[in-house]
Amino acid sequence: MKLLALVDCDNFYASCERVFRPDLKNIPIVVLSNNDGCVIARSKEAKAMGVKMGVPWFKVQQSYLANGGQVFSSNFALYGDLSTRVMRVLEGMVENIEIYSIDEAFLDLQHIQNIKNAYEFGIHCRNIIHQWVGIPVRIGIAPTKTLAKIASHVAKKRNGGAGVICLHEQTQILNVLKNLPIDEVWGIGRNLSRHLNKIKIYSACDLMNMDIQLARKKFSVALERTIRELRGEKCLEIQNRIEPKKQIIVSRSFRTRVEDVKILETLVSNFAVRAGEKLRQEGQKCLQVSVLIATSPFNKNLQYRGFDSFRFSYPINDTRSILMGARQALYKIFKQGYPYAKAGILLSHFSNPSMIQKSFFDGMHESKYMHIKQDNHLMRCVDEMNKEQTQIYYASQRPNQLSPIQKKMISPKYTTNWWELPTAN
Amino acid sequence: MLYKYTVLKNPMTINYLGSISTDDLPTTFTKFFLESVSVGFPSPASDYLENPIDLNQYLIKNGAATFLVRVSGQSMINANIADQAILIVDRSLKPKHGNIIVASLDGEFVCKRLQLRPRLCLLPENPEYQPIYIQHGQDLDIMGTVTAAINQFK
Numbered sequence: 001m002k003l004l005a006l007v008d009c010d011n012f013y014a015s016c017e018r019v020f021r022p023d024l025k026n027i028p029i030v031v032l033s034n035n036d037g038c039v040i041a042r043s044k045e046a047k048a049m050g051v052k053m054g055v056p057w058f059k060v061q062q063s064y065l066a067n068g069g070q071v072f073s074s075n076f077a078l079y080g081d082l083s084t085r086v087m088r089v090l091e092g093m094v095e096n097i098e099i100y101s102i103d104e105a106f107l108d109l110q111h112i113q114n115i116k117n118a119y120e121f122g123i124h125c126r127n128i129i130h131q132w133v134g135i136p137v138r139i140g141i142a143p144t145k146t147l148a149k150i151a152s153h154v155a156k157k158r159n160g161g162a163g164v165i166c167l168h169e170q171t172q173i174l175n176v177l178k179n180l181p182i183d184e185v186w187g188i189g190r191n192l193s194r195h196l197n198k199i200k201i202y203s204a205c206d207l208m209n210m211d212i213q214l215a216r217k218k219f220s221v222a223l224e225r226t227i228r229e230l231r232g233e234k235c236l237e238i239q240n241r242i243e244p245k246k247q248i249i250v251s252r253s254f255r256t257r258v259e260d261v262k263i264l265e266t267l268v269s270n271f272a273v274r275a276g277e278k279l280r281q282e283g284q285k286c287l288q289v290s291v292l293i294a295t296s297p298f299n300k301n302l303q304y305r306g307f308d309s310f311r312f313s314y315p316i317n318d319t320r321s322i323l324m325g326a327r328q329a330l331y332k333i334f335k336q337g338y339p340y341a342k343a344g345i346l347l348s349h350f351s352n353p354s355m356i357q358k359s360f361f362d363g364m365h366e367s368k369y370m371h372i373k374q375d376n377h378l379m380r381c382v383d384e385m386n387k388e389q390t391q392i393y394y395a396s397q398r399p400n401q402l403s404p405i406q407k408k409m410i411s412p413k414y415t416t417n418w419w420e421l422p423t424a425n
Numbered sequence: 001m002l003y004k005y006t007v008l009k010n011p012m013t014i015n016y017l018g019s020i021s022t023d024d025l026p027t028t029f030t031k032f033f034l035e036s037v038s039v040g041f042p043s044p045a046s047d048y049l050e051n052p053i054d055l056n057q058y059l060i061k062n063g064a065a066t067f068l069v070r071v072s073g074q075s076m077i078n079a080n081i082a083d084q085a086i087l088i089v090d091r092s093l094k095p096k097h098g099n100i101i102v103a104s105l106d107g108e109f110v111c112k113r114l115q116l117r118p119r120l121c122l123l124p125e126n127p128e129y130q131p132i133y134i135q136h137g138q139d140l141d142i143m144g145t146v147t148a149a150i151n152q153f154k
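Top line first, the protein sequences correspond to chains A and B. Take 1 as the starting number for the first sequence in our numbering and just add one per residue. Take 1 as the starting number for the second sequence in our numbering and just add one per residue.
Isolated chain A (complex conformation) (with noise of 0.2 Å):
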């Protein structure tokens, strides 16, 4: 028998908070996303106080801490730290391993026979993690992907049980799929499961039991491989090379409102530099830079988005083109009179800088757009240097502007910093 785990971490970032924190045992906590705009992550104890995933921080604030809840900003340096070691501890337990998020991970168990094992293998590595992490995580065990996501949701589901769940007798698969939504199906979206609910599909049963012909002619081949897997059959492989990234989104909410495109602009150029640092880092060029600015979602009267890319006649990663194709768009979506609250950046069409293909007709483009600029050797000095601390901007910034995130709860690094170390008495 063939079978497959799914790791998933409880409530990963507020369970991180709690590692060096023991006084907060038991007690409510919520992480915030950048600039503490919305709840990102709630434990066990503030998902029982009512706390929605995603509310705006400042709605459930008062009556949160009015009921003894911890708050944090969001810590990424604790969690990226404390999410690799996960994994590390997962990588040492078997040969295959798929890392599918920062608090996911799928595992081959193809060394193991039976569904027995399977079980004490799935407490084993509970144990472990917890032990040597801090970590508490719950595994779903399956002849497949999807049904391996299930799994671990009943486990989820099944509070104070043992975290782990086999799922594999074709009678206990029955069960489980009669009593879950589609929605809560991995790969069926929102939109999705509307569209099937009109023609009567309601549970993950259901759906096992739908004409796969019908699904591939009416819907998609995804839908058919999620039936498909739903049934048993394996369609999705663990993948463990590591994908490239496909697009890279700098995005933040402003503390204050902005109208003024001049200020929009600097704020804009901001996120830009630090999207051509990522890119570089990740060694690819990209060919589009879209922008996206938008006002504030709880200001009903004055609403407004704008988006819009520059496309590039070959792959760039210079940060200069990428301001300039920043600004292009961003001088064609923005409309005078409106308060932006948000803004971002998205760099997109990605391709390897090793094989670029020049465009036969790159003179001419150029001639329209002088700007284009691509020096290697010049950005890799200029992020050597800002390597540390940032010393050169690009005149588009304005480093007075560069208001940091506002991280006004956030816990020590823990793990990733001398001077913020746990103590002990």
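Don't read these hints as lab results, they were simulated from the structure. For clarity, every value in this text was computed on a predicted model and none was experimentally measured. Incorrect hints may appear among the rest.
[Claimed, not checked] In silico negatives: residues of chain A with every beta carbon more than 12 Å from chain B:
id, residue
1, Lys59
2, Cys235
3, Gln239
4, Lys332
[Unchecked claim] In the BS3-like style, the derived pairs of lysine-lysine whose C-alpha atoms are separated by at most 27 Å in a straight line are:
id, chain 1, residue 1, chain 2, residue 2
5, A, Lys25, B, Lys96
6, A, Lys342, A, Lys407
7, B, Lys154, A, Lys413
8, A, Lys25, A, Lys156
9, A, Lys178, A, Lys200
10, A, Lys217, A, Lys178
11, A, Lys407, A, Lys387
12, B, Lys94, A, Lys25
13, A, Lys245, A, Lys342
14, A, Lys157, A, Lys2
15, A, Lys387, A, Lys373
16, B, Lys61, A, Lys413
In this text, a Cβ means the ideal position worked out from N, Cα and C, and glycines have one as well.
Please build the complex by placing chain B on the supplied structure of chain A, with the hints as guidance.
Positioned in the frame of chain A, the structure of chain B alone reads:
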């Protein structure tokens, strides 16, 4: 690799000039022309070069499970753990009777010697401090075993 085509005066003729690498070209050139080349006798040590000593390798056996904790106070001074020392704590080692450990006691981290017999107790290494006997219902979670302490003198 980049294949470079150049359009010559007659726009219908395309000459293939060969391929060049786009990667690191400037660096290679700089090094080639600016750095002097030694022509003396080669270093006799060059065949025996080894990596410099790495403290991590000596002090940390299981990186994923090892955390650093700073000591506050003198309670472990007779075990050569001074105030502000940095402890290497390995969470993967099962704490045994007599080991120095870091534990959380009533929501705070403490560094003490673990005594399992005759009675569960956390022993300080300083006569001015009292042993901590764990009472029924008291919360004691052992975080990990201290494998080394770094005392800095300067």
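Here is what the structure says about each hint:
With a cut of 12 Å on Cβ distances, Lys59 (chain A) stays outside the contact zone with chain B, its closest approach being about 30 Å. The non-interface label for Cys235 (chain A) is consistent with chain B: the shortest C-beta to C-beta separation is roughly 32 Å, beyond 12 Å. Consistency note on Gln239 (chain A): stated as away from chain B, and its beta-carbon is indeed over 12 Å from all of that chain's, at 22 Å minimum. Distance to chain B confirms Lys332 (chain A) as a non-interface residue, since its nearest Cβ pair spans about 32 Å, more than 12 Å.
For the hint linking Lys25 (chain A) to Lys96 (chain B), the alpha-carbon distance of about 25 Å falls within 27 Å, and the restraint holds. Between Lys342 (chain A) and Lys407 (chain A) the alpha-carbon distance is near 17 Å, which keeps this suggested pair within the 27 Å criterion. Taken as a hint, the Lys154 (chain B) and Lys413 (chain A) pair is honoured in the structure, with Cα atoms around 24 Å apart against an allowance of 27 Å. A C-alpha spacing of about 19 Å is found between Lys25 (chain A) and Lys156 (chain A), which places the hinted pair at or below 27 Å, so the restraint holds.
The straight-line distance between the Cα atoms of Lys178 (chain A) and Lys200 (chain A) is roughly 14 Å, inside the 27 Å bound, and the hint therefore holds. Of the pairs offered as hints, the one joining Lys217 (chain A) and Lys178 (chain A) holds, with about 25 Å between alpha carbons and a cut-off of 27 Å not exceeded. For the hint pairing Lys407 (chain A) with Lys387 (chain A), the CA-to-CA distance comes to about 22 Å; that is within 27 Å, so the pair holds. Pair hint Lys94 (chain B) plus Lys25 (chain A) holds up; C-alpha atoms about 22 Å apart against a cutoff of 27 Å.
Taking the CA atoms of Lys245 (chain A) and Lys342 (chain A), the gap is near 24 Å; set against the 27 Å cutoff, the hint holds. Proposed proximity of Lys157 (chain A) and Lys2 (chain A) is supported: the alpha carbons are some 25 Å apart, at most 27 Å. Of the supplied pair hints, the one linking Lys387 (chain A) and Lys373 (chain A) holds, its CA atoms being roughly 22 Å apart against a limit of 27 Å. As the CA atoms of Lys61 (chain B) and Lys413 (chain A) are separated by approximately 22 Å, the hinted pair is consistent with the 27 Å bound.
Violated hints for the displayed structure: none, as all numbered hints are satisfied.
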